[in-house]
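Heads up: the sequence lines are chains A and B, in that order.
Residues 501 to 953 in the numbering used here are what the first sequence spells out, letter by letter.
Residues 23 to 502 in the numbering used here are what the second sequence spells out, letter by letter.
Simulated from the structure, these hints should not be mistaken for lab results.
Take the hints with a grain of salt, since some may be wrong.
[Unchecked claim] Listed below are the simulated EDC-like cross-link pairs for lysine to aspartate or glutamate, each with C-alpha atoms no more than 20 Å apart in a straight line:
1. LYS145/B x ASP598/A
2. LYS916/A x ASP850/A
3. LYS417/B x ASP301/B
4. LYS145/B x GLU226/B
5. LYS435/B x GLU387/B
6. LYS417/B x ASP685/A
7. LYS417/B x ASP684/A
8. LYS145/B x GLU590/A
9. LYS916/A x ASP685/A
10. LYS432/B x ASP392/B
11. LYS145/B x GLU597/A
12. LYS821/A x GLU757/A
13. LYS435/B x ASP401/B
14. LYS435/B x ASP457/B
15. LYS900/A x GLU855/A
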Amino acid sequence: MSTGTPMPHEAALELAQRAFALADGDEVEVLAAVERSALTRFANNRIHQNVAERASSVSVRVVIGTRQGVAATDLTGDDALARCCARAREAALRAPEDPSFPGLPAPVAAAPSAPARPSFDLDAFDADARADAAAAIIAQSAERGLTAAGTVSASVAGVAVVNSRGIRSAATRGAARATVLSMDDSGGSGWASWLGADPTALPADSLGDRAALLAQRSAGAQPLEPGVYPVVLAPDAVADLVDFLGYTSFGARDYHERRSFVALHEGEQLFPESLTIVDDALHPAAIGLPFDYEGVPRRRVALVDRGRPAAVVTDSYWAAKLGRENTGHALPAPNPYGPLPLDLAIEPGDATIDEMIAGIERGVYVTRFHYVNVEDPVSVLLTGMTRDGAFLIEDGRLTKPLANARFTQSVVEALKGLVAIGRDRELIGTEGGGSTLVPALALAAWRFTGSTA
Amino acid sequence: MRDIVAAALDAAEVAGAAYAEARVVSERSERISVRTGRVDGIASSETLGLGIRVIADGAWGFAATSDLGAGAVAAAAREAVWLARAAARTWQAPVRLADSPAVRDEWHGRCEVDPFSVALDDKLALLIAAEEALRAEPSVRVTEASLDALSVRKVFASTAGALIEQSHTEVGAGIVARVVTDGEVLTRSYPNSHGGQHVQAGWEAVLAMDLVGNAPRVAEQAAALAHAIPCPSDTTTVILDGSQMALQVHESIGHPTELDRVLGDEAAFAGTSWVRAADLGTLRYGSEHVNVVADATTPGSLGSFGYDDEGVPAQRFDVVREGVLAGFLSSRESAAAIGRASTGCARASGWNRIPLVRMTTVSLEPGAWDLDALIADTDDGILMETNSSWSIDDKRLNFQFACEIGWEIKGGKLGRMIKNPNYTGITPQFWASCDAVCSAAHWQVWGVPNCGKGEPMQVAHVAHGAAPARFRNVQVGVAR
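In isolation and in its complexed conformation, chain B is listed as follows (with noise of 0.2 Å):
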């Protein structure tokens, strides 16, 4: 791989370029599902291929390739130079980047038990009591039980002179109760919905989950939840779980913050921001209680990496504090714009795409609150579990989020159960309500596999570590 990185380099220079980084990314994945009594898919999958990034007269070109024969390494950065070329015709003034030192290193994420060193025997028997376990309960229509895993391997090099190598495997598990009645489909997910939880380890965080031992609970609220009540249409008091608030903080500040839509450059596709660059440092963003720190050091998640897809170190650093706007999620390019250094944030989702602009694990800090004693701190209100849809505006400012599972709070106790609640807002207006968080002890890091960005479309593994919060005044029950 470094040989194949360095003769991209090479070409690229001899091409013309003034700067070039070359990336060579080497993954191996795995799904396993099992649906409603039938394994649906037991499918793996390898690649291999040659990212080459340069600025040549002052803009940037990008080429891929999976052929990594000497001639086609070649042929990728020439046409990688010929891209920047075509682009600089409509540039005024070159691409600035924020420096940065060119570190040779290696950094290898962590992970006890090889997940590809599992018998796959072991992942279907284990998969398959869980389904198994969901259909116990009979008004259960519909079961599901997936398993992931994935194991990356990349070298980055810039004509700069860096060199890094980094390798990191991940694993994500998840089981689903469906009821089906005419016209109403209810959904349990444990641990979370959309694939699951994600973290990067190996298969000793699968077995942590405990997908067997929680179906029956799953599959029991599934059921119940088809005797639920209406979410009411009113303004009241929230209490969202963590997974919800992971979610939460990762539409309405993780993307909001991302310098790359801050400055315009993805307005045609995921939009832009309701935050201007300048607002740094005075932004009013949230209430008090809002503490939010990018943390790409943060060990096991999704985010986490010894050095971004520029060369840039892994960093921790505030995003809010305070409830002040308080940093940008940036690259290179994007911290030059204002004047800064790079946050480390510049992540590509695999060979064949540019960094852009991503979050690594966004977090709200834990606050004191035990659980239990806000919701008997809360006179009236519904606590919210479980994402099951998501929706904000182009500028990050007007959300929508569905769960799967909410109950009535009054007098400071949980009630009737509740299915499909929503709940709507505007993105400082709810963050200014925030008025208490749950304290470390309910406070996980949550991992988010399905992060859409760019085009060509990227799908970055993200993070999100969160508490329990409660938000006052919060419209729910949209078009209940």
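Chain A on its own, in the form it takes in the complex (with noise of 0.2 Å):
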């Protein structure tokens, strides 16, 4: 940022605070956000899209009694806001009672220290920077006659959250994530992906070469038999499967209605005492908000605890309809899907991704998933294809490139099988903008249930 210039997260409690001053309840929350980012996308070996945004945001929950009422706008002038916050106020007084509603947060005597981590300047990653790392990333694929696809992004956002009951929170958020999608004429495809909070990190070439080494080993890729396998999955396709985990089976909502696994299975070793699946958006290598969307300060939980499926996260709604601790997962109000988390990351493992392709005889590695989509819930049984890089394991070597496949698996039962966990932990960005902290996984049994070829 430049000399003078607030930082975001200054911007946004600014704006918090002028908005909070115009809202009139019992009780009165805003969350205010000033973000700005950009994203350069490249596909056919140029760079086709180029955008960028900068936009404002201000949400105002009133409380009256027991009712409430949300109201949100992008425009940040005096007026706008008092609309704002009569629009909250008018649905709050409309509601009815609510007696489960325990009350806004209160701040937390003691909450856990945020990292420290550097500050993220957007001007120093401008549009040609962007375009300079998306140039070298495409001439890995270029010069190998090879098309490549994918993007350089960055964002920064000052994140607020003031409320009457004293809570003062801000804080800015910033990353830079990268990603190829490197293609032959064939068929063969490669990917690979960057996540970090400081650009200037950002390997280009080295990614680029990646995903370009992928795409000409996937050349010539034949259909995998259906059928269960043992498997070796990347981190990326990692990722896939602990976000779904987060979204089904970790969240409060989900555990009281008994649609998780955990809520079935609570204590007991269902598990390899290996896995450990936590949320930590205080990790250092995490770019979470160090506070959730009421302003409390998030903590580490143990979701998964050496093999038992040990607590899901909480808000202030579900920790006190729960007689639980609040974890500081809230998302913004009016928030019908619960807490969930957003940092999520399985403790890592000692073996190499070698090693544990060594350890099979027949199965098969993924690189990534597409399209992942859950058919039960509470098994968390997905559906999904391999994409951009699966490969046979043929007596502990990769051999024949696997057309894209298809799975039909059950995590819960997967993780039952865990045969290895990778002692290297990648950060993978999320569709959704979070991000998970995953290892590579070796797992007994996977089935693949059909194929594009």
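With the hints as a guide, bring both chains together as one complex.
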């Protein structure tokens, strides 16, 4: 940021406080965000979409008794903010009483300390810098007669939460991300991605190289006979599974409704002891906010602790309803989804990917999945496709490239057969803007149910 | 709004844009939801902003801002030009656009009763009554009722002289009943899953859904699912209801015929297509019963408008005619790449997004069958209703769908209820196996308000007209 320009979280806090001063209710909460983002998108070896956005937003929650109303706007003038506050009040006045509403959260006395993260300078990763990175990624494919597509993006957001109980939380979150798909004319393709808080660390050349190498190796892919195989899942593939676990299983609402396997197996030794899944926005490698959208500090939560389903994340409403600690995982109000983990991680193991592959006589290596969806939330039965680099493993080595294959598999069942966890973790960006910090996994059984070829 | 787009275009030209188009979009929305006896959300929002897209040095750039002050608007225009020039470093040839007339016009969607004029008390009363009616069934553990309203007003202008003002209103509503046993969730929704039915209309459309009147049947079916049989693992005949057919069309015909996907511009995220540009007019997509039309003029549909977000007039055209590929959904740029005129499908999800090739109302035309007669004509198979899960590969070939409910068909009659049925297939083989489509009496336009595409992600509101249809030799009961 240039000298004299407020940091994004300072601008967000100022905006939140302006709206807060205009709101009228027994209790008031204001969530404000001030964001700049840019995305350089390439396909067919040229930048075809190059976009940037500056936006502010304010969301006001007014509480009258136990009745709540929420209104939002991206207009930041005082008149617009006043209209927004009035709409929230009007909604609260019309809402029925909600005896289960515990009140807005109060400041936490002993909050976990947030890690110091480098301030993110979007101006230093401008359109020219992003174009340089994209060009470097593209060159790795183009020089080998391949076609590259992907993104180089960056965003910086200041987020602030102010409420009438005394919460004043503000932080700046910044991240850069790059993705690359490399394709050859015969249908081979490879993928690589990178996410981090420091765009100067983006390894454009090596990222482009990784994807291009995979594309070259996956040329001439053959169909996989449907069946159950041992698999090695690269971090990008693991990230999809963890993302769906978070969505289906680790939130307090679905736990309460007994739609989560955690509710059915809490405390049981369901998985091998080597498996620990946490949500940890405060991890040095994570990029999440140190507080949730109610301004409550995010706590590290061991969701699966040494193989035992152990906990779910909460917000103020669900913590009170379940009689549990508020873990600081609220989404913006009103929130029909309940609290969700946004910074999931699997604790690392001690295996290298080569060691995992070496331990499999006949199996499948998966670079990433595509278009995964839930068929059954309780067992986390997912279906989706492999994409951009799946290989047959024979006698401990990658042998033949495989055409895209469909799987239909319960993640809960698959993790019961966890064989090995990678020692190196990667931060993978999710579609929803969150991230997961995950290693590769070796699983004893994965059900492939079809093939594109 | 007109002044803002004019100022943006002026600033872009001064900055060196060879072409520029600006959109100011104002949206107002409201969402109310009730869940298991509790009003869990009453929320409204308003948004207003500018997006400006330019061509400079032969490449595209786009910038958006919610600050509509004169300085911010000019800065956005300059940034768009800068972005275009940075992109141009990777271009070998300049952007080419298919010709389109510079139109000056207005278009307004139909809406009888403005949903924002209806008292909040009335909306809450409707949802609470519907949700309570679901809870009358004792085994139903989780209940939901929701209502969405959206009002959009936008002004588009270009340096070619276009000036178009459009507005429309959308509503959506639905109810859901879930029976949760240990280890199983059984769901029934009405009028559709994933938020209900969504249309371009007013409050009158919400009332016409009769959520309260349908709630007892929905809850009863959810309860009955707890005693239903699992889906057999088999290869058999399936009849899909209209709402599931809408999603089948969406995923396996709509997306693969988006010309930007065909040309590779969406490769890294949404994927490409099994269809090639050269296949136009020759590719056998399905059986002779398969006739698919894209129609942005369909009244009351989420996929309707007067002009797309490049200012191209709304059109109706064939996508598949008698089973043969007949057209692509296209923008000015993608159409120019194959030497054709734009089919008017460039749509942006808001002021802060560029237009992408999107579906409009992409519909399977009705056939001649009555549904009862079609079931009676089916010796052995499964009738499936209401989507619960969807997945398809990056070329739109290998798909798998799951539905909320099914029924055996034995000897031309519906038999036992089936829980969580699913089916899978390969797009051209599946459509080639279509041997019957039900008549116009069973045909309905289904709104799809959650179509994701692009980076940054855009969520488009599209629609599909469909009637129940029959397919032979379909693999069902995958991993059941």
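Structure-based check of each hint:
Distance restraint check for LYS145/B and ASP598/A: the Cα-Cα separation of roughly 17 Å lies within the 20 Å cut-off, and the hinted pair is therefore satisfied. About 18 Å separates the Cα atoms of LYS916/A and ASP850/A, which keeps this hinted pair within 20 Å; it holds. Restraint check for LYS417/B and ASP301/B: satisfied, since their Cα atoms lie roughly 15 Å apart, inside the 20 Å limit. Between LYS145/B and GLU226/B the CA atoms are separated by roughly 12 Å; this keeps the pair inside 20 Å, and the hint holds.
In summary, the hint linking LYS435/B to GLU387/B is not supported, as the alpha carbons are separated by about 26 Å, beyond the 20 Å threshold. For the proposed pair LYS417/B and ASP685/A, the alpha carbon gap of about 14 Å is at most 20 Å, so the pair holds. For the hint linking LYS417/B to ASP684/A, the alpha-carbon distance of about 15 Å falls within 20 Å, and the restraint holds. Our distance criterion of 20 Å between C-alpha atoms is met by LYS145/B and GLU590/A, whose separation comes to about 14 Å.
For the hint linking LYS916/A to ASP685/A, the alpha-carbon distance of about 39 Å lies beyond 20 Å, and the restraint is violated. With a CA separation close to 18 Å, the supplied pair LYS432/B and ASP392/B stays within the 20 Å bound. Taken as a hint, the LYS145/B and GLU597/A pair is honoured in the structure, with Cα atoms around 16 Å apart against an allowance of 20 Å. With a C-alpha separation of about 12 Å, the suggested pairing of LYS821/A with GLU757/A holds against the 20 Å cut-off.
Proposed proximity of LYS435/B and ASP401/B is supported: the alpha carbons are some 8 Å apart, at most 20 Å. Of the pairs offered as hints, the one joining LYS435/B and ASP457/B holds, with about 18 Å between alpha carbons and a cut-off of 20 Å not exceeded. For the hint pairing LYS900/A with GLU855/A, the CA-to-CA distance comes to about 18 Å; that is within 20 Å, so the pair holds.
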